[in-house]
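Asker: Letter by letter, the chains look like this.
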Amino acid sequence: MIEKLPILSLLIWLPVFGGLLVLFGTGVKHKAASQMLALVIAAATLFLSLWAWSEFDSSRYYLQFVEDKSWIDSINVRYALGVDGIALPLIALTSLMTLIVVIASWNNIKHRSAHYFAAFLMMGGLMNGVFAATDAILFYVFWEAMLVPMFLIIGIWGGPNRIYATLKFFIYTFFGSVFLLIALIYLGMQAKSFDIYAMHQMVISLDVQKLLFFAFLIAFAVKVPMVPVHTWLPDAHVEAPTGGSVILAAIMLKMGTYGFVRFMLPIVPDASIAMANVMILLSLVAVVYIGLVALAQKDMKKLVAYSSIAHMGFVTLGFFISFALIANKSTDAAIMGIQGALVQTISHGFISGALFLCIGILYDRMHSREIADYGGVVNTMPRFAMFFMLFAMANAGLPGTSGFVGEFLVILASLQANFWIALLSGLTLILAAAYTLWMYKRVVFGEVANDKVGQLPDLYLREYIVMAVLAVLVLVFGFYPAPLLDIMQPSVEHLIDCNLVSKLSPEGMCS
Amino acid sequence: MTDSINFSLISSEIFLLSAICIIMIVDLFQRDKERNLTFTLTLLTLVALFIFGVNQLDTVRTIIFYGHWVNDQLAVILKLAIYATTIIALLYARPFISHRNLMRGEYYLLTLFSVLGMMIMVSANSFLVVYLGLELLSLSLYALVALQRDSKQASESAVKYFVMGGLASGFLLYGISLIYGATGSILISEVANHYAENESGLIGQFGLVFIVIGLAFKFGAVPFHMWLPDIYHGAPSSITAFISSVPKIAAFGMTMRLLMEAFSTFAADWAAMVMIIALLSVAFGNIVAVVQDNLKRLLAYSAIAHIGYFLLGIVTGTEAGYSASMYYIIVYALMTVAGFGIVIFMSGEEKEYQNITDLRGMGRYHPWYGLMFSIVMVSMAGIPPFLGFWPKLEIFRQLIINGFVFEAVVAIAFSVVGLFYYLKVIKEMWFAEAADSPVITTSRSMKIAISMNCLLLLVIGLMPDSLYQYCLSAFQLLG
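Sequence order for the protein chains is A and B.
So the first sequence is residues 1 to 511, counted in this note's numbering.
So the second sequence is residues 512 to 990, counted in this note's numbering.
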């Protein structure tokens with residue numbers, strides 16, 4: 001039955017049109033109706049993505065649920081969708097986080113809540129489009145279009161400095177993506193098609209590869225974000241409303257790493273090898289230096305934002321360490337590195353999303369994000385403290401949580417490449433533990449700091465549900481990451497066998 | 512065939528001219544302050560022309576009147592775009608002019624005369640006819656700008672426009688005379704034949720330089736742009752909406768007739784000049800627009816930048832590049848008319864609200880129009896899936912195909928600067944704190960017209976193919 005259904009189109013357009021329905025159908029005047037409608041649509045989208053997951057044949061690497069329709073014939077752009085084992089988990093993550101955001105912001109948005117829900121639904125659909133598109137221009141359309149709802153979300157419902165933050169966010173990411181557009185047009189011209197997988201099979205000279213590499217790097221490094229183009233992220237996170245921060249951390253950063261896997265590694269592998277050392281260095285700087293920066297933060301949201309950058313450093317490290325490993329003929333370790341990076345991508349979605357939700361729960365009650373304003377929260381909010389503890393531990397990479405799996409795989413892989421890289425990246429486990437747990441200690445433990453903390457109510461049912469869902473996921477994937485690894489395995493193997501081979505000559509490429 | 516006199520192929524022009532005469536007489540006997548009959552007849556004329564033009568699609572290229580007139584797919588499609596944009600501009604103008612003592616028959620008649628001039632421009636096959644059409648257009652526009660007699664600003668603009676326009680026409684005419692001296696003909700096809708067989712020669716190149724300058728003046732491309740912001744700002748907003756959009760389409764037609772058809776063998780020469788002009792326009796327009804607080808001036812500088820992008824397509828010197836430019840200019844006209852539509856929409860009965868800050872609170876108190884205006888802005892910024900993205904994509908694609916990668920990178924980098932000021936407008940509408948709601952006094956027809964125009968930017972943006980197919984067909988590029 002699923003073969004007949006354009007499941008990916010539904011995953012994109014159901015939330016988009018659902019968002020429009022919330023925007024114009026129920027509108028601001030009927031708050032309850034628009035909330036219910038948003039909930040139903042988000043839940044239906046999640047259901048569809050889980051259904052797609054259950055029907056996905058994880059023993060094969062190639063694209064599934066393929067749709068291919070003509071769209072703009074004159075420039076040969078097609079409406080082409082399809083997912084492999086790398087994209088599908090990200091779609092599921094997007095649908096899940098959209099639903100969680102809808103539930104978590106249920107009554108928290110004081111003005112224009114219908115517009116708020118509509119923006120999140122539409123953004124969810126567009127982000128699904130980014131992961132599902134197999135036509136480069138279609139990918140770019142979704143990639144840019146989803147900036148607009150986020151721009152509005154931060155700008156309308158954000159904090160006091162929201163205008164600066166949202167303009168910075170939009171202009172930074174737009175600046176990155178215009179070069180991506182040039183690269184895509186060039187590749188489309190050479191490949192005579194905008195099919196991303198046709199681009200994977202192209203012979204490109206090293207000089208051109210390097211130029212393309214930089215175009216991709218600017219686009220994806222801004223999104224990930226990598227040092228030194230990370231400065232928009234702390235601003236955007238601090239000013240964004242809770243839901244915006246959750247989506248920003250959980251999904252939007254992943255679009256950058258997805259871009260690395262989908263475009264950079266397979267299309268310009270030779271340039272990537274040439275630049276791998278620089279990239280590893282930048283990743284290590286992100287891991288170590290940003291970890292130290294996080295230690296010094298006074299604002300909880302900023303702290304988690306910096307910790308996101310540090311954790312995304314692991315992802316890029318995993319990607320680029322694999323080239324060194326392939327050169328050493330240790331393919332298994334390379335697979336491990338990339339898989340670790342991808343698992344880290346998903347798990348960071350849960351953990352950072354959950355941490356931002358925790359901060360949002362505190363902020364809703366206290367209207368402050370300063371660590372100094374808190375202390376002794378455990379006395380009044382014991383249940384909250386329990387969940388917060390779990391997510392803080394997961395952020396620190398405690399074994400048994402999903403945060404451990406990805407980081408462990410990446411460190412294991414880098415150990416086979418270079419002891420010092422592994423050591424430095426291992427250091428971060430200590431740093432992450434230091435800044436997360438220190439924040440946790442200052443906020444949660446100790447005497448009740450002030451009267452406001454003394455009067456905090458514990459979690460409401462709605463918050464409880466959200467926390468519990470994420471906690472279960474963090475633990476399940478921590479103890480049993482196999483489903484995630486299994487679904488990715490064939491795609492990652494294919495990536496290494498067929499795509500990470502030299503593109504300087506047609507030898508070794510397999511179609 | 513060339514020597515034949517075939518009135519059936521200029522029936523649109525004859526029809527329009529007769530309609531103008533009839534409307535002029537009808538208008539004389541009208542007591543109605545609102546000029547309803549004149550307005551209706553004007554619109555009906557344009558709609559009839561549009562329907563007639565649609566029937567002429569897929570026409571075969573025919574040259575008539577001893578080589579002075581050409582009828583081809585390019586002319587038909589450009590004329591269709593001219594009618595459509597004029598209709599939109601007239602719909603916007605109605606509430607605006609009725610409050611400002613501009614509701615006179617001349618308004619409509621001059622608009623129709625300028626449409627006639629533009630039709631002549633895009634169908635001309637000789638330098639003389641090009642010039643004839645251009646002057647008919649320009650004189651009508653000078654008069655239109657000056658129509659608000661009691662406004663100092665408008666009168667100043669009209670004089671400026673007249674002097675600058677005269678200068679530009681002078682350049683063009685001087686160039687034409689040099690070319691005539693070098694080739695002995697004013698027919699475009701014969702000039703092209705002459706240069707296909709002979710060397711260009713110093714006089715020919717000299718003439719070409721003057722023609723390019725004349726065209727650049729008309730487009731308002733840097734460094735011949737100084738008149739443009741002042742006139743767009745000073746003219747009554749409804750007239751700015753018209754002169755900023757429709758004549759650019761005709762100017763594109765004129766550029767094609769002159770540069771592509773007459774001087775195709777010089778392509779390398781003029782392409783180098785146009786490239787400099789284009790990149791300067793992109794850079795200058797985008798940077799200066801950033802510091803504008805007045806929406807009309809902001810749109811004027813953004814128009815300079817858009818003209819730069821549009822010229823980049825011509826630089827490629829290929830037919831695919833020209834069709835990309837054509838796509839760009841039609842889309843530009845649709846977006847710009849909507850952009851100045853915002854200014855008209857905001858103006859009250861007495862006062863005009865032209866500052867960006869006057870838009871404060873739109874998102875909060877009039878979310879629908881806030882949304883519509885945001886669509887215009889993101890479309891101009893070139894964010895997909897809105898319409899403005901596709902011609903930009905096509906221009907960059909043609910640049911890269913023809914090896915202008917560096918130029919494409921420079922131009923696209925400036926579009927990031929462009930994004931900033933478009934976002935500034937959205938920022939004022941949605942994010943800035945507003946004490947009270949902006950007053951909207953405009954008529955219902957205006958509300959419907961601007962909503963349709965903005966939705967068009969989204970709907971065509973989702974299905975951009977058909978419009979582009981027409982642009983390709985104008986250059987016989989459909990397989």
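No lab work stands behind these hints, which were simulated from the structure alone.
Everything numeric in this text was worked out from a predicted model, so none of it was measured.
For each residue, glycine too, the CB sits at the ideal point set by N, CA and C.
Heads up, some of the hints might be wrong.
What the hints assert, rightly or not - 27 Å max Cα-Cα, derived BS3-like pairs, lysine-lysine:
#: 1; chain 1: A; residue 1: K302; chain 2: B; residue 2: K544
#: 2; chain 1: B; residue 1: K935; chain 2: B; residue 2: K862
#: 3; chain 1: A; residue 1: K110; chain 2: A; residue 2: K29
#: 4; chain 1: B; residue 1: K935; chain 2: A; residue 2: K110
#: 5; chain 1: A; residue 1: K168; chain 2: A; residue 2: K192
#: 6; chain 1: B; residue 1: K862; chain 2: B; residue 2: K958
#: 7; chain 1: A; residue 1: K329; chain 2: A; residue 2: K210
#: 8; chain 1: A; residue 1: K302; chain 2: A; residue 2: K452
#: 9; chain 1: B; residue 1: K862; chain 2: B; residue 2: K671
#: 10; chain 1: B; residue 1: K935; chain 2: A; residue 2: K168
#: 11; chain 1: A; residue 1: K29; chain 2: B; residue 2: K958
#: 12; chain 1: A; residue 1: K192; chain 2: A; residue 2: K110
Said to hold, decoys possible - Taking CB as the label site, the calculated pair distances span:
#: 13; chain 1: A; residue 1: D73; chain 2: B; residue 2: N547; range: 43 to 51 Å
#: 14; chain 1: B; residue 1: L989; chain 2: A; residue 2: W51; range: 41 to 49 Å
#: 15; chain 1: B; residue 1: Q716; chain 2: A; residue 2: A327; range: 42 to 50 Å
#: 16; chain 1: B; residue 1: M963; chain 2: A; residue 2: L5; range: 55 to 63 Å
#: 17; chain 1: B; residue 1: Y876; chain 2: A; residue 2: W51; range: 36 to 44 Å
#: 18; chain 1: B; residue 1: F518; chain 2: A; residue 2: S70; range: 53 to 61 Å
Asker: Taking the hints in turn, state whether each one holds.
Answerer: A quick look at each hint next to the structure:
1. A/K302 / B/K544: violated, 64 Å
2. B/K935 / B/K862: holds, 23 Å
3. A/K110 / A/K29: holds, 13 Å
4. B/K935 / A/K110: Roughly 25 Å between the alpha carbons, so the hint for B/K935 and A/K110 holds.
5. A/K168 / A/K192: violated, 36 Å
6. B/K862 / B/K958: holds, 19 Å
7. A/K329 / A/K210: holds, 24 Å
8. A/K302 / A/K452: Between A/K302 and A/K452 the Cα gap is close to 22 Å, so the pair holds against 27 Å.
9. B/K862 / B/K671: Between B/K862 and B/K671 the Cα gap is close to 24 Å, so the pair holds against 27 Å.
10. B/K935 / A/K168: holds, 12 Å
11. A/K29 / B/K958: At roughly 22 Å apart (the allowed maximum being 27 Å), B/K958 and A/K29 satisfy the hint.
12. A/K192 / A/K110: violated, 51 Å
13. A/D73 / B/N547: 43 to 51 Å: Roughly 44 Å apart at Cβ, these two residues keep to the hinted range, so it holds.
14. B/L989 / A/W51: 41 to 49 Å: holds, 42 Å
15. B/Q716 / A/A327: 42 to 50 Å: violated, 57 Å
16. B/M963 / A/L5: 55 to 63 Å: violated, 35 Å
17. B/Y876 / A/W51: 36 to 44 Å: Given about 42 Å between the Cβ atoms, the range holds.
18. B/F518 / A/S70: 53 to 61 Å: violated, 42 Å
This entry does not satisfy hints 1, 5, 12, 15, 16, 18, going by the numbered hints stated previously.
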